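Visitor: The primary structure of each chain is shown beneath.
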Amino acid sequence: MEYYLLIPFLPLAAFCINILLGKEVLRNKAHWPSCLAIIGSFVVAVMTLFDVINGKTVNEDLYTWIISGNFKVSVGFLIDQLTAVMLIVVTGVGSLIHIYSIGYMHGDKGYYRFFAYLSLFVFFMLMLVMGNNFLILYLGWEGVGLCSYFLIGFWYEKKAAADAGKKAFIVNRFGDFGFALGIFMIFLTFGTIHYAPVFTEVGSYASQTINILGVEVNLMTVIALLLFCGAVGKSAQMPLHVWLPDAMEGPTPVSALIHAATMVTAGVFMVARCNPIFNLSEVAMMVVAVVGGITSVFAASIACVQNDIKRIIAYSTLSHLGMMFVACGVGAYAAGVFHLYTHAFFKALLFLAAGSVIHAVGHNDVQRMGGLKKYMPITFITMFVAALSAGGIPGLAGFFSKDEIVWSAFASHSHVGMFVWVLMLMGAFFTPFYSFRMIFLTFYGKFRGTHHEEHHLHESPKVMIIPLMLLAVGALAGGWIGIPSVLGGGAHFAHFLEPVVGHPEFHGTHAQEFAIMGLSTTIATIGLILAIIFYLKKTGIPIMLAQKCKLIYKILFNKYYVDELYNYTIVKPTLWIARSILVGFTDAKIIEGIVNGIPKSIGWFSDKLLRKVQTGLLHHYGMFMAAGVFFIIALVLLLR
Amino acid sequence: MVPLNWYILLSAAIFTVGVFGFLSRRNIIIMFMSIELMLNAVNISLVSFSHYLQDMRGQILAFFVIAVAAAEAAIGLAIIVALFRNKATAHVDEIHEMKG
Amino acid sequence: MNFQLPDITPIIPELIMTGLALLILLADLIIKRKDILALFSILGVGLVVCSLTCAYGITFGGMFISDNYSTFFKLIFLINVVLSVLISVKYIVIEKVNFGEYYSLILFSTIGMMIMASAGDIIVLYLGLELMALSTYVLAGFIRHDTRSNEAALKYFLLGAFSSAILLYGTSLIYGLTGTTDLKAISQFISENGLKGNLSLTLSVILFIVAFGFKIAAVPFHMWAPDAYEGAPTSITAFMSVGPKAAGFAVIGRVFMIAFGSISVDWAAILIPISILTMGVGNIVALSQTNIKRMLAYSSIAHAGYALLGIIAANNEGLSSMMNYMMIYAFMNIGAFAVIIMLRSEGFKGENINDYEGLAKTHPLAAALMLIFMFSLTGIPPTAGFIGKLYIFLSAIDAGYTWLVVVAVIFSAISAFFYLRIVMYMYMKDPKIEVSLTKSPETSIALAITTFAVLAIGVFPSSLLDLARAAIAGF
Amino acid sequence: MEQVIMNQLNYPILTTVIFLPVVGALLILLNRRSWELLTKWIALVTSLATFSLSLPLFTNFDKSTHKMQFVERQSWIPDWNIYYFLGVDGISVLFVLLSTLSAILCVLISWHSITKKVKEFYISILLTTAAMVGVFCSLDFFLFYIFWEAMLIPMFLIIGVWGGPNRIYAAIKFFLYTLVGSVLMLVGIIVLYLYSGKTFNILEMMTTSYPYTMQIWLFWAFFAAFAVKVPMWPVHTWLPDAHTEAPTAGSVILAAILIKMGAYGFLRFSLPLFPEASKAMTPIMLGLSVVAIIYGAVICLGQTDLKRLIAYSSVSHMGFVTLGIFALNSQGVEGGILQMLNHGVVTGALFLSVGVIYERTHSRQIADYGGLATHMPIYAAFFMVFTLASIGFPGTNGFIGEFLILLGGFTKSKIVGILAATGVIIGAGYMLWLYQKVFFMAVNKKVVGLPDMGVRETITLLPMIFLVFWIGIYPSSFLDFMHVSVEHLLDRVNMAGSVAQEAGVAKTLLEVIK
Amino acid sequence: MLPKLFFAYFAFSMVLISILIVTRKNPVHSVLWMLLLFFHIAGLYLFLNAEFLAAIQVIVYAGAILVLFLFVIFLLNLKEEVRINRFIGAWSTGFTFAVAIFVVFVMMLRSFVAAPAGKYTTDLINQESHIQVLGKLLYTDYLFPFEVASLVLLVAIVGAIVLAKKRRTG
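Protein chains in written order, with my numbering: chain A, 1 to 640; chain B, 1 to 100; chain C, 1 to 475; chain D, 1 to 514; chain E, 1 to 170.
Because the hints were derived from the structure by calculation, they are not lab data. Honestly, I wouldn't trust all of these hints.
Computed, partial: chain B to chain E, Cβ under 10 angstroms [unchecked claim]:
id, residue
1, Ile8
2, Gly21
3, Glu36
4, Ile44
5, Ala70
6, Ala71
7, Glu72
8, Ile75
9, Leu77
10, Ala78
11, Lys87
12, Ala88
13, Gly100
Result set (DSS-like, lysine-lysine): computed pairs, CA atoms no more than 25 angstroms apart in a straight line [unchecked claim]:
id, chain 1, residue 1, chain 2, residue 2
14, A, Lys109, D, Lys445
15, D, Lys445, A, Lys159
16, A, Lys72, D, Lys63
17, A, Lys109, A, Lys158
18, B, Lys87, C, Lys349
19, C, Lys432, D, Lys117
20, D, Lys40, D, Lys116
21, A, Lys550, A, Lys537
22, D, Lys198, A, Lys158
Quick caveat, the model's predicted, so the values are computed rather than measured. Ideal placement from N, C-alpha and C gives every residue a C-beta, glycine not left out.
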């Protein structure tokens with residue numbers, strides 16, 4: 001079954017075609033190669049999935065990539081259950097978004113570029129999930145980062161866009177820094193960085209410790225945490241979350257594909273992939289869970305007050321990613337991946353819908369929207385579904401996955417578990433609140449924009465609508481393959497992934513599970529109702545609240561001032577050091593001072609001193625000779 | 001019998017007097033005369049040595065020294081004359097066209 | 001009394017040379033075209049070169065020694081005289097001093113050097129030295145109508161006389177101490193009668209160092225050099241900067257290695273600071289010169305400093321490295337002067353460094369040659385200068401003076417600056433004034449020879465090295 | 001006597017590669033000044049011929065041995081027992097190829113940009129090439145030193161004659177800086193020569209072992225020469241000036257080859273000749289490397305001049321190289337060598353690219369650009385590739401090198417590895433900042449209507465792109481050259497220094513790092 | 001005792017005279033003092049029974065060289081010479097150095113030991129006259145330096161002519 005190779009390399013081919021021919025030859029047909037390619041890989045992915053279901057997993061090397069001394073790594077692929085799921089998500093959601101983009105990007109002067117980047121992104125994303133060693137993972141990891149850099153900064157004339165792209169790349173570099181160190185540690189420990197040997201041997205290193213600055217630390221903890229740094233960067237968890245909101249400067253399909261469905265979930269994928277390592281370290285797991293939990297609440301709270309439609313969704317994404325990490329953190333990797341999978345549907349849908357709204361309105365500000373329901377019904381419905389699903393309203397995809405996480409958190413019966421469980425519940429409250437706040441502000445009430453804008457309001461073209469519908473189906477029914485046993489489902493998803501991520505042993509009764517489910521559901525509904533009250537019935541309240549607790553509002557509105565914090569603690573000092581200290585002082589003054597100073601002083605010595613000795617007066621010359629004679633003799637007399 | 005060291009002392013004395021003259025006089029000709037003085041000092045020591053060592057070399061050398069001194073005088077004075085033609089001075093401290 | 005003529009074969013070259021000099025002197029009266037005299041003298045010198053090979057041996061009771069050592073130096077002197085004459089022909093016409101005596105004096109001076117090189121007795125040494133010196137004084141002041149030339153001659157002469165007086169004093173002391181003036185006898189006497197460490201002996205050694213130091217322009221006895229070099233006719237500057245210096249080194253080599261060989265520790269110790277000073281002052285003062293002749297004067301002082309390392313090493317390797325260096329220095333220095341002399345034209349001195357601005361644009365070939373000589377003087381491979389320096393350093397380190405060599409290389413790195421400055425002016429600046437070169441076949445020949453030598457020695461030094469090695473073989 | 005593999009080809013390949021450019025230079029010398037086009041073509045043809053003649057080094061190289069290959073040996077100066085002794089091994093062979101390649105590019109890129117003293121320019125370029133190749137394949141110290149110094153002359157002229165406004169200062173600075181270093185090395189060479197029984201033969205020198213103190217002294221003597229060339233912190237300040245003022249071709253030669261010689265020197269001489277000293281000095285060297293990496297990277301953030309920025313970035317990158325070399329393990333060293341190659345390709349290419357716009361706008365100020373991507377998309381694409389390579393993006397050559405080096409460094413000492421890795425972050429910072437300022441954002445009116453890259457320029461840059469990806473995706477075809485030689489080298493270093501006592505400073509430093 | 005007194009007189013007066021030579025304002029006086037000095041030196045030579053040297057000391061030095069000096073001195077403007085100061089500004093330095101050199105010379109020379117005596121004893125010289133002995137040596141052992149000396153003199157003549165003679169510039 002070599003055909004799996006087609007999955008990544010079809011998009012790559014598409015990229016090459018587009019980048020070479022796109023500008024002159026294809027022009028506005030540039031979407032063909034890309035779309036065909038990704039649909040092709042989707043098909044192949046499905047076939048692969050079935051192979052996997054039939055128990056045919058792949059782990060083979062293509063060729064040796066780097067070999068140096070005892071370090072050897074090859075370009076090779078691993079296709080198992082986890083990979084298969086990711087493949088489906090990436091290619092499936094990906095192809096829909098591709099199609100959507102045809103309409104959305106229509107007429108943009110960078111049309112071919114856009115599709116080229118998309119294909120490249122898909123290629124790297126697939127490499128990321130298909131690699132059978134950490135270096136390929138790293139390759140994909142950096143690759144998707146690069147593509148997101150391109151796509152965020154797609155409209156590079158806009159300073160904001162360019163900045164956002166750069167920011168995304170550099171912030172990610174911080175994560176990757178840890179990630180790379182993790183890989184080094186893995187190599188130092190295991191002598192290889194291929195998954196298979198590492199994960200098999202990992203057990204024997206469980207209790208090994210290393211000395212960091214005099215402190216004995218568990219080796220696995222160190223490795224796990226270093227790897228997690230990468231995940232934090234890529235999946236925009238605190239404290240490296242700052243790039244994701246800004247990333248919304250990119251075209252909406254990009255936000256949907258990269259910053260909702262696929263790339264940002266790479267972190268989750270990685271943690272799930274490395275579960276053997278994480279499982280060995282209490283501390284690491286705890287950190288993962290806590291970071292995830294805090295991020296989810298933190299982001300959700302911000303989402304409640306944002307006005308940029310895309311940013312709202314972005315923060316929601318942050319919060320959901322947080323949930324996924326919580327799942328991983330409590331050992332329920334399956335749950336995490338499951339949420340990843342459902343999240344891909346409803347979040348992509350939210351974005352695309354938002355996209356079609358923006359397409360119609362021409363800006364992102366929810367405060368200047370409203371009453372769009374009648375202008376663009378389909379968009380409205382699909383988005384509504386997505387919101388419900390995201391809000392965890394029972395029956396929809398989001399419900400099952402989120403509930404799974406909440407339950408796992410509770411059932412892990414550790415203090416951490418309890419803590420994050422509480423956080424989860426808060427999240428469960430926020431999510432429907434901000435989702436519907438957005439829905440209501442956008443579609444209900446009467447239009448708050450200018451008349452000029454109002455004239456242009458219209459439903460988006462078919463090519464954009466159809467993907468929306470398809471995704472809506474996913475958001476609605478996507479979760480049904482993972483219905484937990486307690487609801488009479490088979491939890492197929494979890495079982496399917498078991499060979500890879502194992503199965504956490506939770507001891508909890510069905511009763512408890514029902515209770516938890518009920519609790520979270522009620523909380524969600526409360527959130528929903530609150531949203532209804534605030535933004536449908538008593539629209540005055542939010543403003544009033546905003547006035548009441550100005551401070552909180554300000555803090556939330558300014559995203560807890562994290563960006564400013566970084567700006568003043570990291571960015572500015574570095575630049576200041578660079579400009580004032582290094583350029584201005586060490587190089588210019590000290591080093592150059594010495595380098596130029598020595599010749600200068602010699603020159604001065606020569607010109608002002610030694611030259612003056614040569615007076616041109618004969619008797620002085622004679623005196624010098626006499627002096628020479630005298631001093632030589634005197635020296636001899638003294639030194640004998 | 002006069003000890004040899006007296007002669008050495010004498011020649012040294014005259015030699016240094018010559019040195020002094022060479023170093024301190026302004027007049028080129030006198031400077032040159034001081035050099036002649038030094039040569040004579042050398043000659044004295046040479047002759048005295050050759051007398052005390054009962055060996056003729058010293059006197060031979062002294063003889064050559066006198067010859068060379070004559071030659072030097074000729075050349076030197078010619079140079080001074082040539083200088084005079086262009087620049088009527090015989091004072092070293094006025095001759096410093098080239099310096100540094 | 002019976003009187004038999006001693007064997008004169010060893011002095012054949014000197015005899016021919018003398019004959020030649022006198023011939024030129026007489027021919028000058030009848031021949032009006034002086035360049036013919038130049039031709040004569042060059043041919044004659046060629047003859048002398050041939051005669052060098054057959055003139056070996058010790059004669060006049062050991063007063064005159066003609067061995068490989070002296071022969072090597074004589075070769076240097078003859079090359080020096082040929083090249084100097086070649087670059088003079090046109091130049092002295094421009095300077096309006098186109099007299100026949102010029103050539104005969106150059107020849108006489110060379111005879112003096114040759115005698116110095118093979119002097120086995122201090123008396124002969126002294127006379128040779130005076131012969132060389134007196135003719136050089138005259139040559140330095142040869143442009144009688146130019147005050148700078150007079151001044152140069154005067155300074156050179158007075159200080160020279162002073163130094164020769166000092167030399168004589170030293171000689172008299174040696175004579176008094178050892179009762180002889182024959183170099184071999186002196187060393188014998190010293191070692192037999194245990195004069196080692198005798199202060200009077202040391203005094204005489206010091207006085208010798210001073211006198212010879214004056215000839216090779218070693219600091220602090222160098223003061224005459226810049227003025228004399230600047231004021232003298234350029235061709236003579238070239239002649240002076242190589243001939244007397246080489247002669248000085250020749251006698252230093254002989255006197256110190258033979259007569260004072262047994263007390264080499266003492267004089268080496270005295271020479272070390274002198275060489276450091278010489279390199280230092282030479283290189284550093286050269287940095288701030290604006291007159292190229294003067295700059296090269298200082299550079300020649302510095303080069304004397306390098307060559308002194310060879311003496312300080314106080315062994316055969318050291319000597320041969322020093323000789324090798326002198327030979328190479330002769331070529332590269334006269335080459336440089338040949339270029340300088342081309343810039344001298346009617347009513348244009350062309351001695352200022354600014355005159356070289358943009359030479360590469362106006363006269364690319366001349367600039368390129370100058371570039372080669374400058375880099376050679378700096379000691380950058382693949383030029384001869386590098387070989388010379390390398391050999392010197394090699395022998396010095398071999399003798400255990402590594403630290404001294406480190407000092408030397410630092411100074412040579414500094415020296416790069418002022419040599420490069422010429423290159424910089426020629427290549428990296430634009431010409432301000434239109435400089436016209438006075439080309440002449442003779443100068444071209446001289447340039448061709450020097451350039452070829454500098455490059456050839458730089459790439460294939462073997463033959464020269466063999467020669468230098470052989471020169472001190474029977475020493 | 002060490003055993004070597006004599007040249008098996010039907011022509012003396014190394015000699016040819018060295019002296020063909022010289023012949024070309026002579027031809028140009030004889031050529032009429034007015035026939036500039038002919039001059040250019042002679043130069044181009046010569047460089048092409050040289051390159052194609054050097055290709056057998058790549059194809060016929062025996063990767064299975066550490067012995068010197070393609071060796072030619074002729075007695076040259078018997079008095080000093082000097083031989084004309086050429087040969088390459090896995091460490092040097094690639095640089096020969098890089099040199100010959102870069103010669104072509106230099107000729108191409110200067111086609112229009114050099115207008116005055118055309119003859120001299122191409123002569124200098126060719127002579128430089130010859131000297132560079134000579135440096136990399138001479139196995140006789142004397143020969144090595146000749147090439148090493150001889151290269152200064154044409155380089156000095158290239159910078160000083162065809163350079164920018166401040167060229168004279170830069171040229172002289174470059175010359176003196178390097179000269180001071182190399183003369184000290186000369187002393188070291190002589191000491192070696194005398195100690196090792198009067199031989200300049202490098203391989204023989206390696207067979208003798210030197211007393212520890214002597215090693216330390218010699219190590220620093222050689223350090224003076226190599227560190228300046230690399231250039232290591234704090235003797236790096238000549239590089240920005242030289243790079244900035246030099247004409248494009250000059251910068252390319254500097255970046256691609258000249259500054260590799262320092263690192264090459266460490267590998268070829270310092271490590272095998274003074275193993276104990278090298279081991280003892282490792283902490284200091286690692287320290288300096290790390291400083292160079294971070295210092296060079298951070299200082300880039302403060303630059304306003306394109307070429308200056310790239311110059312400082314090469315300080316940082318060369319810091320990686322030295323770090324790898326002195327990690328003294330195979331990953332580090334091989335990474336170092338590969339990184340030298342990469343840096344040669346990438347930074348060379350970056351300077352070529354800068355040359356492309358400099359030719360159009362005659363401004364090096366970053367502020368004078370912006371939005372170039374709109375007007376010169378192809379150019380933007382090329383530049384992006386090189387940017388990525390220079391920030392070590394996986395799939396490009398930069399990644400392989402940096403990864404191996406960091407791996408090696410990390411293995412040697414965790415702290416060093418971590419500190420060095422921060423350089424990668426900052427690297428991304430300044431390169432992307434540069435790219436954004438130049439290619440993104442609002443179009444600067446100064447760049448409106450600039451023509452995109454022409455055929456000649458594209459051809460010049462294509463090989464670089466090709467190499468970037470070749471090395472990035474299939475590095476084995478280059479790494480395979482090194483394995484055996486590097487192993488051999490490391491064996492020598494590690495077994496020799498088994499009981500290396502460590503100098504005081506070094507010891508304390510080592511403790512700090514451990 | 002007598003010789004010592006004799007020498008003492010000579011030494012004293014010679015030093016005195018030489019000091020006078022270098023300190024007279026008027027060059028002519030210096031020359032005249034020098035003349036006197038030369039006669040003393042000649043006397044000393046006689047005392048060291050070197051008659052021939054004494055003779056040429058008087059003939060060559062006093063007869064030839066001093067006359068040359070006088071010739072040149074008459075080119076100077078003597079009145080002015082007498083009026084302006086004779087020493088350079090830094091004559092004290094010169095004096096110091098001279099004295100210093102004298103001191104160190106003496107210190108060095110304290111360890112002087114004369115070489116063993118040779119064969120030319122006084123009576124040997126006296127039985128065949130001094131001039132004959134000298135002449136023999138000059139024309140046998142010292143023939144070569146003698147010839148060289150002739151060259152030196154020749155050069156002196158040529159040089160002097162070249163430099164001093166008025167002639168059309170060629």
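Visitor: Next step is simple, just say for each hint if it's right about the structure.
Guide: Here is what the structure says about each hint:
Using the Cβ-Cβ criterion of 10 angstroms, the hint placing Ile8/B at the interface with chain E is satisfied: the shortest such distance is roughly 6 angstroms. With its C-beta approaching chain E no nearer than about 3 angstroms, Gly21/B sits inside the 10 angstroms limit, and its interface hint holds. For Glu36/B, the shortest C-beta to C-beta distance to chain E is roughly 7 angstroms, which falls under 10 angstroms, so the interface hint holds. Given the 10 angstroms rule on beta carbons, the hint for Ile44/B holds: about 6 angstroms separates it from the nearest Cβ of chain E.
Below 10 angstroms, beta-carbon pairs count as interface contacts, and Ala70/B has one with chain E at about 6 angstroms; its hint therefore holds. Because the smallest distance between the Cβ of Ala71/B and any Cβ of chain E comes to about 4 angstroms, under 10 angstroms, the interface hint for this residue holds. Residue-level restraint check for Glu72/B holds (minimum Cβ-Cβ distance to chain E is 8 angstroms; threshold 10 angstroms). Checking Ile75/B against chain E: minimum C-beta separation of about 5 angstroms stays under 10 angstroms; hint holds.
At a threshold of 10 angstroms, the smallest CB-CB gap from Leu77/B to chain E is about 5 angstroms, leaving the interface hint in force. Against a cut-off of 10 angstroms between C-beta atoms, the interface hint on Ala78/B holds, since the closest Cβ of chain E lies about 4 angstroms away. Interface restraint check for Lys87/B: the shortest CB-CB distance to chain E comes to about 12 angstroms, outside 10 angstroms, so the restraint is violated. A hinted interface residue such as Ala88/B counts as satisfied when its beta carbon comes closer than 10 angstroms to some beta carbon of chain E; here the least separation is about 8 angstroms, so the hint holds.
The beta carbon of Gly100/B is not positioned within 10 angstroms of any beta carbon in chain E (closest approach about 19 angstroms), and the interface hint is therefore violated. A hinted pair counts as satisfied when its Cα atoms are at most 25 angstroms apart, and Lys109/A with Lys445/D qualifies at roughly 20 angstroms. Between the alpha carbons of Lys445/D and Lys159/A the distance comes to roughly 16 angstroms, so the proposed pair stays at or under 25 angstroms and holds. A threshold of 25 angstroms between alpha carbons decides the hint, and for Lys72/A with Lys63/D the separation of about 18 angstroms falls inside it, so the pair holds.
For the hint pairing Lys109/A with Lys158/A, the CA-to-CA distance comes to about 14 angstroms; that is within 25 angstroms, so the pair holds. This hinted pair checks out: Lys87/B and Lys349/C have alpha carbons roughly 21 angstroms apart, not beyond 25 angstroms. For the hint linking Lys432/C to Lys117/D, the alpha-carbon distance of about 18 angstroms falls within 25 angstroms, and the restraint holds. Proposed proximity of Lys40/D and Lys116/D is supported: the alpha carbons are some 13 angstroms apart, at most 25 angstroms.
For the hint linking Lys550/A to Lys537/A, the alpha-carbon distance of about 23 angstroms falls within 25 angstroms, and the restraint holds. Of the pairs offered as hints, the one joining Lys198/D and Lys158/A is violated, with about 69 angstroms between alpha carbons and a cut-off of 25 angstroms exceeded.
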